[in-house]
Amino acid sequence: MQVNEHKPLIVAFCCNWCSYAGADLAGNNRLNYPADVKIIRVPCSCRVNPMFILRAFQRGADGVIICGCHPGDCHYTSGNYYTRRRMAALFSMLDFLGIEKERTRVEWVSAAEGAKFAATMNDFVEQVTALGENKRLEDLRCKR
Amino acid sequence: MQRVGVFVCWCGSNIAGTVDVQAVSEALKSEPGVVFSANYQYMCSQAGQDMIKEAVKEHNLTGIVVCSCSPRMHEATFRKTAAAAGINPYMVEIANIREQCSWVHKDIATGTEKAIILGKAAIAKVNLNTPLTPGESPVTKRALVIGGGIAGIQTALDIADAGFPVDIVETKPTIGGKMAQLDKTFPTLDCAACILTPKMVDVAQNEKIRIFSYSEVSEIKGFVGNFDVTIKKNARYVKEDICTGCGACVEKCPMKKVPNEFNLGMDNRSAIYIPFAQAVPKVATIDPNACNMLKNGKCGLCARVCTAGAIDYTQKDEYINEKYGAIVVATGFNPISMDKFDEFAYNQSKDVITSLEFERLTNAAGPTAGHLERPSDGKSPKTIVFVQCVGSRCDACAEKGKEYCSKICCMYTAKHAMLTRDKYPDTEVYVFYIDVRTPGKNFDEFYRRAVEEYGVKYVKGMVGKVTPEGDKLKVQASDLIANKQLHIDADLVVLAAAIEPDKSARPLATMLTASMDTNDFFTEAHPKLRPVESPTAGVFLSGACQGPKDIPETVSQAGAAASKVIGLLAKDKLTGNPCVAHSNELMCNGCSSCEKVCAYGAITYENKEFRMPDRTTKIRRVAVVNPAVCQGCGACTVACPSGAMDLNGFASNQIMAEVDAICK
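Protein chains in written order, with this note's numbering: chain C, 1 to 144; chain P, 145 to 808.
By construction, these hints were calculated from the structure, which means they are not laboratory data. There's no promise every hint is true.
Now the stretches of chain C that chain P is said to cover, found in silico as 3 or more residues with beta-carbon under 8 angstroms [as the list claims (entries may be wrong)]:
(1) 27-39
(2) 46-57
(3) 77-85
In the DSSO-like style, the derived pairs of lysine-lysine whose C-alpha atoms are separated by at most 30 angstroms in a straight line are [as the list claims (entries may be wrong)]:
(4) P:647 / P:494
(5) P:808 / C:7
(6) P:365 / P:376
(7) C:101 / P:604
(8) C:116 / P:377
(9) P:250 / C:7
(10) P:808 / C:135
(11) P:401 / P:377
(12) P:484 / P:316
(13) P:383 / P:439
(14) P:601 / P:328
(15) P:494 / P:604
(16) P:526 / P:604
(17) P:740 / C:101
(18) P:250 / C:116
(19) P:494 / P:401
(20) P:551 / P:585
(21) P:672 / C:116
(22) C:7 / P:173
(23) P:618 / P:551
Some residues of chain P that are not near chain C, with every Cβ distance over 10 angstroms (derived) [unchecked claim]:
(24) 599
(25) 615
(26) 654
(27) 734
(28) 778
Where a beta carbon is used, it is the ideal one built from N, C-alpha and C, also for glycine.
Build out the structure end to end from the sequences listed, making use of the hints.
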């Protein structure tokens, strides 16, 4: 029997128009994924400031995933393109900051893709669990 | 700190089945700001809403957190409840513990634990909420339609029918567009002029509609309900209000060798011209590049024969300023240039023509008065080869043609082939195709008739090469079904050229800050649910500027665009979405980063005077967001290097608070 198995903490930023609705659809279809995933609703994936992601890691999150509309389908026409570029830039600097790149991901989930949302979350949780606890950036002063 | 009330919903057993709602409401009681916490079977029911209203009164609540289903479901409901209870509707936050918790987790312990965390995040957020009031802006009750083809005409007529004034801006001297050049229309074969020209007359006679022909839009400012547009009326050197359209000047003009655009250069017109007999407005126009009087001051014949005295050689371009509440784009399409398709010998032989040229050749008002004659020698062709998909569905040759299907070519080619066989039964007609696509009411029946009743020879395969030889065109093609090469001696080759958006579309899209796809077609706000609106508020799309379309589809889209415009103009005031960006001008350094990422052009800059700590004043450039234009995506908030830009309802400190609450 495993004792003290680490349960990861995952923060998921979901855009209101596609991915948040995709997450709702996963719920409607009762598609299970781990409760470790906690969703924060944003109007568009381009609202996600890289600071939010670093803040989550600092406060002890083990993984952060950003979900938006598919390229070309953005409710705001071009927001997800900004996300793609900004996150590519941020992720390329993560190793330098001491966080494994694999703790982050950008994924496009449409409002019709409930199954994709659940599958993505299952996969991402598995990936982050394999990496273990995020100890490198976590700020102990923030720990209760 | 807010006085927060927490309301946990059971949703029958939907939530209560996997989440211990009692434990959730107990656990959230001790969160900062929470002064009241309760749970109930159905929060969204009348009894549940009354419970919220009573709690607001009793505990003097300033913020509400409802732990229930998705905000996409009932956020609006609970905002109304809040407003009815007397607090700002934007002081409500929803914790989604149904779709994103109880429905996806089976274990009560984990479900409850997650629901508590989601509740804490919502409480952390609502503590930082500020009351928001949607802005209001007035609506100018006048619409602008850009483009005077069938799309623009139908839109303008429908808007005017509802009682709103409309202006049409058309670059050509007459309205009518491409449809005016067509001969007959599929699948009913009624003549285009017979159904279009009465509509053109309706436009001219409608007192709600003004036509700016031979004009273009030169500047667009403003936003939904309040567009400020400059229209450039090009000098036509004829006084529009005086000219009667009698045509005496056209007859007398000595410069008769100007290629006639209306007949695609297949015959000539004079330097002063009326494009066609049913033109609206029926007013002559002088072509400044051809007129002797305008070029070197010698002639003046038209002024002498004009009994009305309408000719004015000194006329200048005129700029007109007008305000509009809504703008409809109806700029239409053009066939692509055949210059890059050397294999079809379009530039080498006059007898290789495009389908639109064929349309003019068979039109009774065309250059041959409707007799099908070869452009080179005037003989009647005995063998005609139609080539479909010239430049359409061309993924391997993107620099030459287009990747998309032009949609209308299959049907008009079937029409051309059928009409040819009907009028000249001894003519042999071949059609080469990749696929025949005929989805549409009575379309496939029409195509079957061309094949079965009229004996048009449809061959699956493409034409590889056309070589002019003597007075014949040697056509080399493959028959994919018989798997053999064909060699046909044709008299006339007709190319179904792909269609592309009009060249004026891109600069117009820039002026409108409306988005386009890679092919320069305007993008709709939603491909299925908002097909006639542009993502830019107040800009609507009509006809082929949005994608290839036939006439019935164009007319229905034109009507749909008109109804959206009427819906907008019927309002006296527009209520905006209060969740928009705003800039803290004390932090803004005027760097323009936010403006560059704004897809809506909502951000402008102003020079403002600031009092400095040493009591001097300083003028600084700062960003200003127009709340009526901003759609609230938040792209600018991340682009802003100084942190001056923030988004109402999704402020940085609110999202940070959510992150903190989840990560505790």
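Against the structure, test the hints numbered earlier, and report the numbers of the ones violated in rising order.
Checked against the structure, the hints that fail are numbers 7, 8, 28, while the rest are satisfied.
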